[in-house]
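Could you slot chain B onto chain A? The hints should help.
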Amino acid sequence: MKKLIYALLFTTLAACNNKLDLNPIGSIAQSNFYTSASDANEAIIACYHAMLAFHTGGAHITGMDMWGDIQSSDAEPHPDGVAWNQIYQYTLNPTNGELGNQWFQIYEGIYRCNQALEKIPPIAMDEPLKARLLNEALFIRAWWLLRLGKMYGDAPLVTKTLSIDELYMPKSPREEIFKQVEADLKQAAALPDSYDDANLGRATSYAAKIVLAEAYLWEKRWPEAKPLLEDIIHSGRFGLLDSYTALFDGSIENHKESIFEIQYKANTGRNIGNFSTTYNAPNGEGYVPGGGWGWIRPTQDLVNEYEKSPKEDPRLTYSIFRKGDNFEGQIFADVVNGTGYAVKKWTISGKTGAEIEPNNPWHNSANFALYRYAEVLLFYAEVLNETGDSEAAIPFINQVRARPSVDMPRLESGLSKAAVFEAIRHERRVEFTFEGKISFDLRRWGIAGSFLRSGDRWHNNTTLNPQWNGEFFKYVDGKHDVFPIPQSEIDKSGGALEQHPGWK
Amino acid sequence: MYKNFIRWERHILSPHRPAVKFAMRIGLSYLLLTMACTQLLMAHDSGAQSLAEIKVSLGLKNEGVRDLFRKIEKQTPLRFAFMENQVDKDVRFTIHKGTYPVVEVLNHTLASLNLTYMNTGNIVYIVKNSNNLKVSKESESHFPVALPEQFTEIPGVPVKGRVTDEKGEALPGVSILVKGTQQGLITDADGDFSIEVPDEHAVLVFSFVGYVSQEVTVGGRSQLDMVLVADQKTLEEIVVIGYGAVKKTDLTGAVGVISGKTAENQATSNLAQSLQGKIAGLSVRQTSGHPGAGAEIRIRGVGSFGASSTPLVVVDGIITNGGLTDLDPNSVESITVLKDASAAAIYGSRGANGVVLVTTKRGKSGKERISFQSYYSFDQVSRKIGVVDAATYGAMVNDFYTNQGKEAPYDNPGSLGKGTNWQDEIFRTGGKQNYSLSFSGGGQNSQHSVIFGHYSGEGVVVNSTYNRSTLRINNDIQPLKGLHIGSSIGLSYGVEKQGDPQPAINAALIYAPNVLPYNEDGSYGIADRPGQPTTMTAPLVYAYERENDRYRIGLLANTYAEYEISKGLKFRTSLGLEYINTDTKNFVPSYNFGLGNNNGVATLTRRTDGLKNYIVDNIITYSHLFAGAHQVDLMGGYTFQNERSEFVNAFRNTFGRNDENLQVLDAATANDRARGNYTEWALQSYLGRLIYSYDNKYLVTSSIRIDQSSRFAKGNRTGIFPSLSLGWVISNENFWKARENFISYLKLRGGYGVLGNQDVGIYPYQALIDNNLAYSLGNSQNVWVGAAPTSLANENISWEKTKTSGGGVEVNFLNDKLGIVAEYYDRRTYDVLVRVPLPNISGMATYPYQNVGSVRNSGVEFSVEYRNTAARGELGYHAGFNISINKNEVTKLTKGLDIILAGGGQGGVETRTSEGHGINAFYGHVHNGIFQTEEEVRDAPFQPNAAPGDIKFKDLDGDGQITADDRTFIGDFNAKQILGFNGGVKYRNIDFTIAVTGDFGRHQNIFASGFAVARAAEATNSMWADRWTGPGTSNYVPRIVGGDPNSNSRSSDFWVRKQDYLRIQNTQLGYNLPSAILTKWKLEQLRLYVAAQNLYTWTKFPGFDPETTVTSYPVPRSVFFGINLGF
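Residue numbers (the working numbering), protein chains in the order written: chain A, 1 to 504; chain B, 10001 to 11127.
One chain only, chain A, in its complex shape (with noise of 0.2 Å):
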């Protein structure tokens, strides 16, 4: 029995509980982070790398911007993408697969922000550094709740951290996500107006500011983005670069006529790089490594929106390759069954100095402008037309066209106000094509069904398919103002998410 003791005490012996804990290695834990400045920084970083996704950035090619120009008649997509053809037709039912990328990247982009917002706070470390990392957090919080409300109309409004069991919401109506970018944005609006080299790049209080006008304008609420867009134009910061090709190609950045810039960079290893032209670029021809994907293709119904005369407008050129155009030497054929046209905005050869990754994926550092000067100034002109005071307004859209290198004829006085909107919807039109605004300005301004399904789209004239009988674009006026729910997030949300009135 002895013998037998000394060998259970023998077997046991090994036994050592401290060897099981055991930390993750390569990983901080959570408990262990957010506790000096730099972590404080970092979390702010990681608010602006979800940014990334709007511009077919980094991991994610989402292209969040290309959404708002398929879902128009600017632009259709490849033939391939079965989700993207469905949401340039209006074809879409809620189980489409981009629909619910959309989703996941905007409350992926709203959750680092709450995290931030949460997590800086207790940090013991220079009190107005951390005030103006939490106004960053917050700048970019209603810039997503802005776009949330957008799409989806009402939505979940998501202002912390949740739990797995605060996870089941309900949603609230779009004017309360509003209500909080209002919020959130007036508070970001004492964030600096400028910053040093190293952080140049940063949200200002002007980017908070045309965010918010913009917020305004969606609401209706003329006389509020007023004095907002005139301290942008008053500040004596900002105006138009001469080039409109400078704009995209990479060649210059953070320049005098960006508000509000993702900033891009190739070569890194960490995919936070540009990966438009890839995604743009004409299919089947040699324009980046490998042949572009021609994900988007400028549709005849766009290039007849350019003002042919008294002279072409030249920012036709720039956007759009045309049969038989020379781009750095080579010349587009439209070999694969394109349009007839591909997007030249986005197609960056890095000879203009733009650095470009020479392997898949084909990334480069040119920024992306989510809001530049032209845009202040046709919002502008938009506030005052709306406000009564339409003559006014003329000057500023005469300013977007004459832009050194557009210098389109200048626009008369004396026209009404009709005239004048529908000035500023052309002039919108051309000037931001393929960045991501033509379809949300339609909806904005309410007009989405009647131009879609006019006549005087070419889609509706040429009748492509005797089936449709002239009615290409599906819109259905109050079901296709936004977006539907997407149903893989009704069904995981136990009931608690309800499906919009029109899609259900």
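FYI, nobody ran anything at the bench for these hints, they're computed from the structure. Everything numeric in this text was worked out from a predicted model, so none of it was measured. One should not assume that every hint holds.
[Unchecked claim] The calculated lysine-lysine pairs, modelled on DSBU-like cross-linking and capped at a C-alpha distance of 35 Å, are: (1) B:K10895 - A:K504; (2) B:K10803 - A:K19; (3) B:K10803 - A:K160.
[Unchecked claim] Covered stretches of chain A (in silico footprint by chain B; criterion: 3 or more residues with CB under 8 Å from a CB of chain B, positions within the stretch not fixed): (4) 84-95; (5) 105-115; (6) 200-210; (7) 262-273.
Built from N, CA and C at the ideal position, the CB exists for glycine as well.
Only chain B this time, still in chain A's reference frame:
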């Protein structure tokens, strides 16, 4: 005894029913056993009418003896049974009309045929008259039978004797055959026999089930007494269980065993394949045909829908990561599969999915044995996926565009002709070679076994090879009395060299058939025309231009010392170490073959993965037989396991050239990127087990394991896993033994146990910060580090627990020739750990594990095996069949919310885990035909944007429109029935085996390359040739239309297909050289064989293989030629 099937015929002719004639096959042994009993019983059989009392009215005119039996059966309750080859059909009788006692009819007719009879109750057995009983002249005189003329008696040497067992007890029913003749008989109730043999050189073969057969030359003896020795092999089999071994008869849990012989004789490249179809309840799927691929093993269904469902693999006591992949099938002594909780509970938190225990061969004292085994195989894709020709493709692409309102790219698609079938370009005849050389033997105090193996495989996809060399050295020494020490060392080195085979296969299934594989100048043909996949890499570029090499070193070493402290009390300590190093090299050269096939600069990625796993076991065992009947085996112990895995990844690009010798990081000039990390976990456990048996009749096994894992938060770290199982060997009861029994072994058993599952990642409870969320700022574009959690954390998770109850019955018949095992189990998994997809408003891409619900797997398993020999032992045969029927059901989800994997879960079709359904069931709309006309679209429930040619979906809720509410469950993901059949025949030196496996009830989605019209030019599957092109053309396959306005691609049963199959998995025909030649050549064994694997499959599944996803690397059909040599 005759050891083959002999045809017995019975005629059953009932007066109340039409005559039914049937033939039945029964083993002669069955009859003889019954007869042996009959002879004992006849004396007591007073209830039945004696044959002398039963009378029949007969009249035969030149009729056969069968007619006679039939007539007797018609009038009496008697039934006849006879051996066909003993009752001569040609002999004719004539019996005058009259009424006679049956006994007289039989006496007279049978005697003339040298037959006699025995009866029990109403069954009359007709057997050969070995005692040469003469019918008396007296009865002959007044019985009117005309004797057949053919009858002659064989003259010979008379021999008689008695057969007994080792204890001297008489053995009735022993078969005695004169070797080389058909002549034979059986011993009577006293074990006596008497026979006439042709001459004194005659050899008598004595055989009896459960005893070792013997041959004796008569040699002039007239009295020949034999002692037969019991064959201990069958019942005394020792089975390896966790942390010990036990007699097979003492097992109380559900355990399946396969001997190494089975694996060895299969000519498979992978050990897991040898298990396929062999054990009820074990599902083995080869999910890839890659020459280095393993297999997916599941025991008794899928128990979890979150944590891993892979069983634990233990090799010589070490819980491994490498599993079965590093093992040479020739090095395996036995494999034990612990199926239920009572058997696996000793592995506690590791055993929830069952345990596969592998024991490698060890040396035995005695002569040095050397053996060499080798095979060579030819491998081919057994089934290519049907694809359309170029002309059809052109028409389809035109449909795609014109249906969307665009211009058709091809003016005259018919002129495109046949085009390229890309599968012909990337598949080839591959092959496998295997060589294995082993030495084993040893002296009194030291034994060894050394096995070298080399395997080399050429995949069926061009440019894919795998080579593996293995070395195993097992040593055991006994330096002092009571002390055993030893070691096992297994080393393996595998080299995989290939292009990008899986992407090549996927591309081959969608690449346009109107592209030529090569241009005239020999360069690759590239898609560059409208309606072709111009952004896609060509199949041949994937196959030939990419380079993915993998070098894997596996070491599995174990050393032990065991000391017997006092009689029955042993202490064993062992240390196991597993080390796996995988080195990968991915090189993409710079090339420019055209669109989508352009790589600007060459890139090189090198990655090294290392895994170290060590286990310390300290086990004490005590074994004692108390009072001659109470056998007690106690085991207690402590084990600790720690595993650390790490990787280093380095990337560089911009090589000056593609030179093979320059494919090192130092030769590149730009873009250094390095990554690396490691993870570590640990588990410590306390074990205890009691095995108690009383008189080999009543069996109890109880075990407990207490596990503490580093994977859970401190408070939730400990799990306790107990089990209890009971067995009752009825056939060892005195009342059973008291009478001769048809059933030779009968055991009932049942058990209950709790198991856990911790396989949910290393740090699942901790919220980790991802610091790779960078952003550049400033005009110099400096990269700033960004950090945030990217997965939600859940600190409250704990063990997933599985409670299994079940029972079984094991019955052996015919002295264990026929064995049947039937089992029932109910396996319930609680607190299932799963990453529940959460509403994405969380903003988190990775969902945390939660303990969310319960799953029940219940089922029955049935296996039957029959093994026998005949023709004096020269013919052997066996047949086994097993079937498992499993029901997988989610019984509870804590929040009541379905777990939804949209699209990506199983491809394009959504799967759901929902209460009342199987895990991951497919979910979607129901296909209800194709809209043929505009009217049909109008009249049908409203389906937005549908047009003629689109799929009409069922309006399940009847609200007049097709909405999300019209979705339902459309197919199970898990198999419901798995069956296996194994059979074999051996005649003299030739043997043949066959193994058939089948799976039923599993579904798979076909939303895959070539099938799904996700992109314009990528649907090449031949099903699209039958697409809708106008009213009446198809009511199943929809039209092809760009943009898919109706969402024909939505989750629906159109994309979900049955994976039922039945497959001839393995067949082998072998020849063993006769011993005379072997002796001459000084060999122990020389075996030549030809074998086939995956010979033929019956299935309707449209993919390469019903065991895999649609486009997985196909499992080839292999034809092997092999040799086994023993010295």
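Hint check:
{"no.": "1", "hint": "B:K10895 - A:K504", "result": "holds, 25 Å"}
{"no.": "2", "hint": "B:K10803 - A:K19", "result": "holds, 29 Å"}
{"no.": "3", "hint": "B:K10803 - A:K160", "result": "violated, 40 Å"}
{"no.": "4", "hint": "84-95", "result": "holds (count 8)"}
{"no.": "5", "hint": "105-115", "result": "holds (count 8)"}
{"no.": "6", "hint": "200-210", "result": "holds (count 3)"}
{"no.": "7", "hint": "262-273", "result": "holds (count 8)"}
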